[in-house]
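> As a plain string of letters, each chain reads:
Number of protein chains: 2
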Amino acid sequence: MGAVKARRLPRAVRERQMLDAAVRSFARHGYQAASMDEIAELAGVSKPLVYLYLNSKEELFTAVIRREAQALLAVVAEAVVDPGAPPDERLWAGLLAFFTYAAEYPDSWTVLNRQARTHGEPFAGEAARMRDEITAFVAGLIGEASREARGGVAITERDVAALAQALVGSAESLAGWANETPGVTAKEAAATLMNFAWSGLGNLMKSERWSPR
Amino acid sequence: MGAVKARRLPRAVRERQMLDAAVRSFARHGYQAASMDEIAELAGVSKPLVYLYLNSKEELFTAVIRREAQALLAVVAEAVVDPGAPPDERLWAGLLAFFTYAAEYPDSWTVLNRQARTHGEPFAGEAARMRDEITAFVAGLIGEASREARGGVAITERDVAALAQALVGSAESLAGWANETPGVTAKEAAATLMNFAWSGLGNLMKSERWSPR
Chain A
1 MGAVKARRLP
11 RAVRERQMLD
21 AAVRSFARHG
31 YQAASMDEIA
41 ELAGVSKPLV
51 YLYLNSKEEL
61 FTAVIRREAQ
71 ALLAVVAEAV
81 VDPGAPPDER
91 LWAGLLAFFT
101 YAAEYPDSWT
111 VLNRQARTHG
121 EPFAGEAARM
131 RDEITAFVAG
141 LIGEASREAR
151 GGVAITERDV
161 AALAQALVGS
171 AESLAGWANE
181 TPGVTAKEAA
191 ATLMNFAWSG
201 LGNLMKSERW
211 SPR
Chain B
214 MGAVKARRLP
224 RAVRERQMLD
234 AAVRSFARHG
244 YQAASMDEIA
254 ELAGVSKPLV
264 YLYLNSKEEL
274 FTAVIRREAQ
284 ALLAVVAEAV
294 VDPGAPPDER
304 LWAGLLAFFT
314 YAAEYPDSWT
324 VLNRQARTHG
334 EPFAGEAARM
344 RDEITAFVAG
354 LIGEASREAR
364 GGVAITERDV
374 AALAQALVGS
384 AESLAGWANE
394 TPGVTAKEAA
404 ATLMNFAWSG
414 LGNLMKSERW
424 SPR
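So the protein sequences, as listed, match chains A and B. At position 94 of the first sequence the residue is numbered 94 (my numbering), and the sequence of numbers has no breaks. For any residue, its number in my numbering is found by taking its place in the second sequence, counting from 1, and adding 213.
If you're looking for bench data, these hints aren't it; they were derived computationally from the structure. Check the hints yourself; a few may be wrong.
Pairwise CB distance ranges, derived in the manner of DEER restraints [to be verified]:
(1) A:E41 with B:G396: 27 to 37 Å
(2) B:H242 with A:A33: 37 to 47 Å
(3) B:F350 with A:P182: 17 to 27 Å
(4) B:L265 with A:L52: 49 to 59 Å
(5) B:E291 with A:E78: 31 to 41 Å
We put the beta carbon where it would ideally sit given N, CA and C, even for glycine.
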């Protein structure tokens, strides 16, 4: 009965179930130790069906990295979408969305931030490409904000790229810590980073630079 | 002749040569592809001697991670050692020392920041422990600075830990970018991070917090 019912589900739904199961399994056991048996069981399908749809453990892991990175990027992009809002409010909305995602989908965040990086190629390269996409998106926002703040004159492209790297790196680092530290909420982590980053970025937008005495 | 001369070198010197060669080899080829043959050749010793001293490729890589992390920590610790200097000057000195290390020893930085993390356990765990040590050290500095700024009352330990994570994450990310981007000097990268981080941290030290409107 269950098998008959199961067979009626469309391919897209089945595939989503497999990827959901894979995220959980990879996050908990790591790439090497995660088993296709467990993934099939968690997804409620047979192992041959997993291979039929996703080909191999390697392709399954790659598909997971892509899907989770795109989900994260979409969540952040949607949060900062209002171009009429002041830059600090957009940054706040983006950070809150990011830390909320990392807290609500800790397995997804673990796969992206730890597993994808710690199992060599081709995964590290895939994760790096996704990170580049997110960093480019953040750089776009910083560039926009600086043009607004200076009435059309942006800070250099290299400055913007460097600031985006700093911001993305601090967010990654803080999200890893927040998920491992009991009692730290997404809002608290976002507020800490906003306080760390904004006044610095904020002053930069106004051409106020720190310099050695 | 060369071999006779070589045999006269003390063990510590030989070991250092092997570790130097290993850093270069691991940074360039990655853990998997690096060969003990190349490492022995770069170090000017026989392969059996590398095994005799360091036991295995795994132990050699672990020894490399430990030595390089300690070197980096020592350089940063020495730069910020003057407790009489104001906190922003100490942060500047620390950042400059860090980015200078990453620029002068790009192979060392690549091994620590990329290779150690991307080749699974036990290396990722070793790298994480070293990173925890560096983060704890940074947290100590932030805690000190905040106590000074507030006349003895520190911000909470959790705030300090979170800020240290953010600062370390942004420095890691920016150093990776700086080493991959032609023409970015250590001083430029350090100045960017100082500008990003200081006014934010600086305002926090004075209890000035950003809050959503």
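> Could you tell me whether the CB distance from F350 of chain B to P182 of chain A stays inside 17 to 27 Å?
holds, 23 Å
> For the hint 37 to 47 Å, verify it against the beta carbon of H242 of chain B and that of A33 of chain A.
violated, 26 Å
> Does the Cβ distance between E41 of chain A and G396 of chain B fall inside 27 to 37 Å?
violated, 53 Å
> Can the suggested window of 31 to 41 Å be confirmed for the beta-carbon pair E291 of chain B and E78 of chain A?
This hint is violated: roughly 46 Å between Cβ atoms.
> Is 49 to 59 Å respected by the C-beta to C-beta distance linking L265 of chain B and L52 of chain A?
holds, 51 Å
Of the numbered hints listed earlier, those contradicted by the structure are 1, 2, 5.
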